[in-house]
Amino acid sequence: ESGDEQKPKTDFPLNNPAYSGEILVAAKNFGCGSSREHAAWAIKDYGFDVVISSFFADIFRNNALNNFLLPIQVSDKQLQQLFEAVFAKPDLIFHVDIASQRLEVPDAGISISFDINAYKKTCMLNGFDDIDYLQNIKSAITGFADKLPY
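Take the sequence shown: its position 80, counted from the start at 1, is 97 in this note's numbering, and no numbers get skipped.
Treat each hint with caution, since some may be false.
[To be verified] Using C-beta positions, here's what the derived DEER-type ranges look like:
#, residue 1, residue 2, range
1, Glu-101, Gln-152, 22 to 32 Å
2, Lys-138, Pro-166, 12 to 22 Å
3, Asp-28, Gly-160, 32 to 42 Å
4, Arg-119, Tyr-167, 38 to 48 Å
5, Lys-138, Glu-39, 30 to 40 Å
6, Lys-164, Tyr-63, 40 to 50 Å
7, Thr-159, Ala-105, 49 to 59 Å
8, Ala-162, Asp-108, 45 to 55 Å
9, Leu-31, Leu-165, 29 to 39 Å
10, Ala-44, Asp-149, 29 to 39 Å
11, Ala-157, Cys-49, 31 to 41 Å
12, Pro-123, Thr-159, 43 to 53 Å
13, Asp-149, Lys-24, 35 to 45 Å
[What the hints assert, rightly or not] The calculated DSS-like cross-link candidates involving lysine-lysine, where the alpha carbons are at most 25 Å apart (straight line), are:
#, residue 1, residue 2
14, Lys-138, Lys-61
15, Lys-138, Lys-164
16, Lys-106, Lys-45
17, Lys-155, Lys-26
18, Lys-106, Lys-94
19, Lys-45, Lys-61
20, Lys-45, Lys-94
21, Lys-94, Lys-155
22, Lys-155, Lys-45
23, Lys-26, Lys-45
24, Lys-155, Lys-106
Since the hints were derived computationally from the structure, they do not count as laboratory data. These numbers were taken from a predicted model, which means no experiment stands behind them. We put the beta carbon where it would ideally sit given N, CA and C, even for glycine.
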């Protein structure tokens, strides 16, 4: 029936209040096919600040970082451990520390280090977009330009 499509799917985790939060634990190959920023915008606008997966499409990863959505890539085994921990206890608390590049889930005994591009790490820690970053280093740019021979 057409009326059924208007109702939220009760078995979809994002429609279950037990799985609410600011961190999306997603399956492998997240963002595949999303070559526009709209994918990152939609996830950020939904309320997520972090997406955890065992693989991200490169374009999605870059768009996410440009929009202050942190993609944390973990191994397949670590992702499975996270899923199992969340399904066992949906109200688990995750701690994400960008400065130390650590994801901690203390109640599940999970501690994972993650990689992030150094430039984007600086931007995320300081709330800089690309223009803010350049404004922040304006004196270094000017100093370099002043030393040029022309």
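Status of each hint after checking the structure:
For Glu-101 and Gln-152, the hinted distance range of 22 to 32 Å is not satisfied, since their beta carbons lie about 45 Å from each other. Under the hint 12 to 22 Å, the C-beta atoms of Lys-138 and Pro-166, about 34 Å apart, miss the expected range. One distance hint, 32 to 42 Å for the beta-carbon pair Asp-28 and Gly-160, is violated here, with the actual separation near 59 Å. Taken as a hint, the range 38 to 48 Å holds for the pair Arg-119 and Tyr-167, whose Cβ atoms sit roughly 46 Å apart.
Our hint of 30 to 40 Å for Lys-138 and Glu-39 is violated, since their Cβ atoms are close to 19 Å apart. Checked against the hint of 40 to 50 Å, the pair Lys-164 and Tyr-63 passes, with Cβ atoms roughly 47 Å apart. Separated by about 55 Å at the C-beta atoms, Thr-159 and Ala-105 satisfy the suggested range of 49 to 59 Å. In this structure the supplied range 45 to 55 Å holds for Ala-162 paired with Asp-108, their Cβ-Cβ distance being about 53 Å.
One distance hint, 29 to 39 Å for the beta-carbon pair Leu-31 and Leu-165, is violated here, with the actual separation near 53 Å. The supplied range of 29 to 39 Å is met by Ala-44 and Asp-149, whose beta-carbon atoms lie about 33 Å from each other. For the hinted restraint 31 to 41 Å between Ala-157 and Cys-49, the CB-CB distance of approximately 38 Å keeps it satisfied. As the Cβ distance of Pro-123 to Thr-159 is approximately 46 Å, the hint placing it in 43 to 53 Å holds.
Separated by about 43 Å at the C-beta atoms, Asp-149 and Lys-24 satisfy the suggested range of 35 to 45 Å. Distance restraint check for Lys-138 and Lys-61: the Cα-Cα separation of roughly 17 Å lies within the 25 Å cut-off, and the hinted pair is therefore satisfied. Restraint check for Lys-138 and Lys-164: not satisfied, since their Cα atoms lie roughly 29 Å apart, outside the 25 Å limit. For the proposed pair Lys-106 and Lys-45, the alpha carbon gap of about 21 Å is at most 25 Å, so the pair holds.
Of the supplied pair hints, the one linking Lys-155 and Lys-26 is violated, its CA atoms being roughly 51 Å apart against a limit of 25 Å. With a C-alpha separation of about 18 Å, the suggested pair Lys-106 and Lys-94 falls inside the 25 Å cut-off, and the hint holds. Distance hint between Lys-45 and Lys-61 is fulfilled; the C-alpha atoms sit about 19 Å from each other, no more than 25 Å. The straight-line distance between the Cα atoms of Lys-45 and Lys-94 is roughly 11 Å, inside the 25 Å bound, and the hint therefore holds.
For the hint pairing Lys-94 with Lys-155, the CA-to-CA distance comes to about 44 Å; that exceeds 25 Å, so the pair is violated. With a CA separation close to 40 Å, the supplied pair Lys-155 and Lys-45 exceeds the 25 Å bound. For the hint linking Lys-26 to Lys-45, the alpha-carbon distance of about 22 Å falls within 25 Å, and the restraint holds. Restraint check for Lys-155 and Lys-106: not satisfied, since their Cα atoms lie roughly 48 Å apart, outside the 25 Å limit.
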